[in-house]
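Mind docking these for me? Both chains are given alone in their own frames, and the hints should help you get the complex.
So the chains spell out like this:
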Amino acid sequence: MADEILQIRDLQIEFVSEGEVTKAVNGVDLTIAEGKTLGLVGETGAGKTTTALSVLNLVPKPQGKILSGEVILDGVNVLEQSEHEMEKIRGNTVSMIFQDPMSALNPVMSVGEQIAEVVKIHEKVDEKAAMERAREMLETVGIPGERAVEYPHQFSGGMKQRVLIAIALACSPKVLLADEPTTALDVTIQAQVLELMKELKRKFNMAMLMITHDFGIVAEVCDEVSVMYAGKIVEHGTLEDVFDHKCHPYTEGLFNSLPDIDNRKSELKPIKGQMPDPTNLPTGCPFHPRCDYCTERCSQEEPPKVQINDTHYVRCWLYENTKESQLKG
Amino acid sequence: MIKYILKRLLALIPVILGVIFIIQFILYISPNDPAVVILGVDYTPEGAAQVRESLGLNDPFIVQFARYVLDLLRGDFGNSYVTGEPVAVQLAARFPNTLILVVVSMTLCTILSLPIGIQSAVKPNSWFSNITAALGMVGIALPTFWLGLMLILLFAVHLEWLPATGSVSLTGMILPAITLSASFMAGTMRTTRSSMLDCLNQDYIRTAKAKGVSHHDVIDKHALKNALLPIITVVGVNVGTQMGGSVLTETVFSYPGLGIMLTNGIKQTDTPTILGCLVVMAICIGICNLLVDIIFAFVDPRIKSQYSKRG
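Chains A and B, in that order, give the protein sequences. The first sequence begins at 57 in our numbering and counts up by one. The second sequence begins at 927 in our numbering and counts up by one.
Same shape as in the complex, but just chain B (with noise of 0.2 Å):
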C-alpha cells in the first residue's frame, strides 16, 4: 500500500512538468511582451531589450523551460512582474484561504446533498425525491456569479446579516462557500442517488433482507457502503475542480485567494504568477485524485487486494 502511494506520488511529476511545459509554451508564443508589462510607462525599446536579455526570455524555449523547472525545484516561482515580488509569497498567502474556503463548501456540499441523495434513493417516487431533483437541476442552472450576487444583495445588502466581502473567517465564508457548493451540489446528489439505487436493486441487499436485517441497517451498513465508490470520486473530482473553478466566487466576493490571484495575474499578463497558480492547482488535482484512489481502498477490499499484489 505504501509502495503504490510513492509510485503514485511519483507518478505525478511527469504530469506537473507537462502542465508546465503546455502553460509555459502557450504563453511563450503569445504576443505579449513581458517587458512592456514591467516597464509600464517608462518603456523604451533599449530599456525594453536590457529587461529582457536580464529575464532570460532571448533563450531558447527549451531554456527557459529548464531554468524554470530548475527553480521551481529550489521554491522559487520566480517574481512576479508587476510587483517585482516572489510568487511564492503570494502563493503561500493565499493558497491556504482557497483551501479553507474549498474544504469548508465541500463539506456544506456532502453533508446537504449525502442524506438527501440517500433518502431520495429510498423512497424514488417520493414528492421529497421530485422536490430535491428540481432544486437540484436549479442549482445547476444557476450561474455562479448571478448566485452570488443575489446572496450579497439579499443577506448583506437587504438584510444586513453577513458581509458582501468575502473573508477568511466565519461571517465572511458563509456566502461564498454557499455560493460554490451550489453547483456541486446537485452533482453529488445525483450520484448519490444513482449509486444507492443502483446498490439497493443488488442481490446482497435482498440477501441483508433475508437475514432480517433491519431497514435502517440494510441502507446504512449495507447499501451505503457499496454505493461509496462513485460518491467518493465525485467529491474527489469536486474538490479538484474548486481548487481552480473557484475563480468566479472568489471574483464576486473579493475572496483573498488563489482564484483572484490569478485572474489578475491572466489581465495583467504576469506570466510567473500565472504560472505559479497554475502549477499549485496541477498539484492539488494530482493529489486530490490519489486521496480518492486510497479511500477506494479502504472502502472495497477489493480494490486494497489489487493494490497489494501490483505493490
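Looking at chain A on its own, in the form it has when it is part of the complex (with noise of 0.2 Å):
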C-alpha cells in the first residue's frame, strides 16, 4: 500500500502533572490513503486532538509524553524529526484546523498578515506576493479579497474558522487535521463549512483526518471512520461497515444516542455511565463498565482486534470466534 500518506502504529502517549498519569492515547494504529478522509469518532476525552497533535509533533510538553510508536507523514516518521525539520513540515505538507476558531487566532494581527506569514515561512516568497497569496486564499474559501487587513475580532465565528482553513490550505498540504472544524458554530454555519471543506478537499486533492463526534459529519464526508474510546480505536471500517454492520457494543451505543429523525417518539438511549478516568483506565477492555454485554472476561482480559472482514475491525471479546464465514452466512 504505497499510497498511504499518514500511517501511526501503535502510538502511546500519556501526561504526568502533578503526579498522575494520564493515559490518553493507548497504542492507537491509523492510516489514510492519498486523497482520502478518515473520520475519527469518539466522546470528548477520548485521545482524539492528542493523536492529531502528534501528527504535528505538538503534543504539549513537558506533561505530555510520547511513549511508544510511530507516525509516519509522506515516508517520514516525525516523531524522529528535529524541531528544525518539524517547522518546514508544519503547515506545509500537514496542517490543521483546530475546534475553537473564537481563540484560535491571533488577535493583534491581520487575518491577511497571519495567512501570508505561513506562505512567507514555506514558499520563499516576498511580503507582497505572500499578501497577494492570502487574499487569492480568503477568496479561494469565500471571504472578499479586502478583508485581508482586517483583525480577528471584526469577523464572525463562521468566517473564523474560513480564515482558519485558509491558513490551513495556503500551502497546499497533503493531510489536513481536522479537529471538530464545526462543533463550535451554528448548524447553518456548519453545513456552509463542511460543504465547503469538501470541496477544497477535491480541489487541492488532500488527504484528511476529520475529528468529531457527530455521525451526520462522518456521514457526510468520510471514507473511512475509526471510533475511539479512552485511548483506543475500538472499531475502524469503512461507512458501510460502521453505518450497516456496526460491532463494537460502544458503537452501537454512539448511534443510538441519535435523535431517529423517522421514529420521533422513540426514546434516547444513551450510553450509561461516565468515560473512564484516564488516570485511572479499568483493566481489561476499557468499555467494560458501561457495556451492556459485559462478561467476566471483558474486566480482566483486554480483548484483541476481530478482524470482521478486509476493511472491518473491532476490538470486542463478543467477536473473538465469529469466523468471517459465519458472518458472511
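Simulated from the structure, these hints should not be mistaken for lab results. For every residue, glycine included, the Cβ atom is placed at its ideal position computed from N, Cα and C.
Have a look at the derived ranges for each label pair, beta carbon to beta carbon:
{"#": "1", "chain 1": "B", "residue 1": "Leu-932", "chain 2": "A", "residue 2": "Gly-213", "range": "35 to 41 Å"}
{"#": "2", "chain 1": "B", "residue 1": "Pro-1041", "chain 2": "A", "residue 2": "Thr-339", "range": "48 to 54 Å"}
{"#": "3", "chain 1": "A", "residue 1": "Gly-213", "chain 2": "B", "residue 2": "Leu-1217", "range": "32 to 38 Å"}
{"#": "4", "chain 1": "A", "residue 1": "Glu-195", "chain 2": "B", "residue 2": "Ile-1220", "range": "31 to 37 Å"}
{"#": "5", "chain 1": "A", "residue 1": "Asp-156", "chain 2": "B", "residue 2": "Leu-996", "range": "57 to 63 Å"}
{"#": "6", "chain 1": "B", "residue 1": "Ala-1060", "chain 2": "A", "residue 2": "Asn-312", "range": "54 to 60 Å"}
{"#": "7", "chain 1": "A", "residue 1": "Thr-339", "chain 2": "B", "residue 2": "Ala-1060", "range": "42 to 48 Å"}
{"#": "8", "chain 1": "B", "residue 1": "Gln-1232", "chain 2": "A", "residue 2": "Pro-345", "range": "51 to 57 Å"}
See the structure below:
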C-alpha cells in the first residue's frame, strides 16, 4: 500500500501532571490513503485531539510524553524529526484546523498577515507576493480579498473558521487534520463550512483526518471511520461497515444516542455511565463498566483486534469466535 | 483617535482641580501658621496679622481656592513662603531633573526586566526562572534608602568609582537610577512573566506553531505582542508613581529633583511649594495614564476600533 500518506502505528501518549499519569492515547493505529478522509469519532477526552497533535509533533511538552509508536507522514517518521525539520513540515505537508475558531486566531495580527505568514515561511516569496496569496486564499474560502487587512475581532465565528481553513490550506498540504472544525459554529454555518471543506479537499486532493463526535459529519465527508474510546480504536471500517454493520457495543451506543428522525417518539438511549477516568483506566476492555454485554472476561483481559472483513475490525470479546464465514452467512 | 485624545486631556482638568482642592483644603485646616514661617525670628502678632492679610489667608477657603486656580492659569504657582522666590521658577529648574532620572531608571528597568521576564516564561521551571524570581523578591523587599546607602558605600566610598551625590550627568545618574529601578524591576519582571505565560498557553500560539512558525518568532511575534498590554500598564503606572515616588532616592543621593523640593516644602510648611510640586506630579500621572491608553490602541486593534467608535 504505497499510497498511504499518513500512518500511525501503536501510538502511546501519556500526560504527567502533579504525579498523576493520564493515559491519553493507548496504542492507536491509523492509516489514511492519499486523497481519502478518515473520520475519528469518540467522546470528549477519548484522545482524538492528542492523536492529531502527534502528527504535528506538537503534543504539549513537558507534560505530554510519547511513549512509543511511530507517525509516518509522507514517508517520514515525524516523531524522530528535529524541531527545525518539523517547522518545515508543519503548515506545509500537514496542517491542522482547530476546534475553537474564536481563540485560534492571533487577535493583534490582521487575518491577511496571518495567512501570508505561513506562505512566507514555506515558500520563499516576498511580503507582497505572500499578501497577494493571502487575498487569493480568502477568496477561495469565500471571504472578499479586501478584508485581508481586517483583524479577527471584525469577523464572525464562521468567518474565523474560514480564515483558519485558508491558513491551513495556503501551502496546499498533503494531509489536513480537522479537529472538530464545526463544533463551535451554528448549524447553518456548519453546513457551509463542511461543504467548503469537501470542495477544497477535492480541489487540492488532500487526505484528511476529520475529528468529530458527530456521525452526521462522518456520513457527509468521510470514506472510512475509526471509533475511539479511552485512547484506543475500538472499531474501524468503511462507512458501510460501521454504519450498517456496526459491531462494537460502544459504536452501537453512540448511534443509539442520536435522535431517530423517522421515529420521533422513540426515546434516546444514551450510553450509561461516564467516560472512565484516564488516570485510572479499568482493567480489561476499558468499556466494560458501561457495556450491556459485559462478561467476566471483559473485565480481566484486553480484547484483541478481531478482523470482521478486509476493511472492518473491532476490539471486543463478543466477536472472538466469530469466523468470517459465519458473518457472511 | 485625535478626538479621543483631546477628550481625555479635557478630562484631566477636573482631576487636577480635585487634587488642588483636596490638598489646599488639608493645608487650610492644618494648624500651621504660614505667618510664623514667613516672619521667622521677626515674628510679632501685629506683623503676622499683616502678613496674613496680604496673602489673603483670612479670606474664606473657597475664595483662596479660586484665587490659586486663576493664578495657576497664568502659570503663577505663587511665591515660596521661605525664600520668597516664585515656585514656578523652582519647578522649572527641578522638574526636568526628576524627569530625566525617571526616564533613565525606567529605561534601565524595562531593558533588564523584559527579556528576563520573557525568558523565564518560556522556560518556567528552569533554574534561570527560579533565580530571577528570587532576585526579584529581594529587589522588592530591599528598602530604597538602604539599597541607596549600600551602593554609595560600595561604589563611592570604597571603590571610588562613582560620586556619592546624584547629579544630572552620566556618572551622577547611575547610582540613583539603579536604586530607583530596583524596586520596580521585580514587578515589571513578574508581570512580563505571567502575561507571557498566559499568552503562550493560548490557542493562537498553537495555531502559529502548527503553521511552522519558528520557536523564536512564536515568542517575538505572536506571544509578546499579545502580552504587551499588561506590561505597558505596569510600566506606565510605574513612571507615574516614580515621578512622585522618587522622593526617597532623591533624598539619599541629594539629587536636585522634585522629590527633595517637596520634602523640603513639607518640612518648612511652605504651602505654595507643596501645592506646586503635587500639582505637577498629578499632571504627570494623568499624562502617563493617557499615554498608556494611547499606546494600547497601537498595540491592540480591538481597542483602537473601540476608540474610533466612541471618538
